[in-house]
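Enquirer: Sequence:
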Amino acid sequence: LHLVCGKCEAVGDAPLDIAATFVNALSDEYGFKTDVSHFAIYGTCSNCQ
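Residues 141 to 189 in the working numbering are what the sequence shown lists, from first letter to last.
I should point out that these hints are in silico values taken from the structure, not numbers from a laboratory. Treat the hints with caution; some may be incorrect.
[What the hints assert, rightly or not] Computed spacing ranges between beta-carbons, pair by pair:
id, residue 1, residue 2, range
1, Thr184, Asn164, 26 to 32 Å
2, Asn164, Cys188, 15 to 21 Å
3, Thr184, Asp157, 22 to 28 Å
4, Lys173, Glu149, 14 to 20 Å
5, Ser186, Ala159, 16 to 22 Å
6, Glu169, Glu149, 30 to 36 Å
7, Tyr170, Ala150, 15 to 21 Å
8, Asn164, Gln189, 17 to 23 Å
Computed from a prediction, not measured in an experiment: that's the story for all the values here. Just so it is clear, CB atoms sit at the ideal spot from N, CA and C, and this is done for glycine as well.
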């Protein structure tokens, strides 16, 4: 699970289990199996806030 800063373009990683609720909801509600190891979330890092 990659965290990408939209300002400085820094990339960090978060543990995959942090997305467990989201992944389980996609599976339960849509039958969709998610590979979050190649999933990027864009936002603003703590240094740029």
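Enquirer: For each hint given before, does the structure comply? Return the numbers of the non-compliant ones in rising order.
Expert: 2, 4, 7, 8
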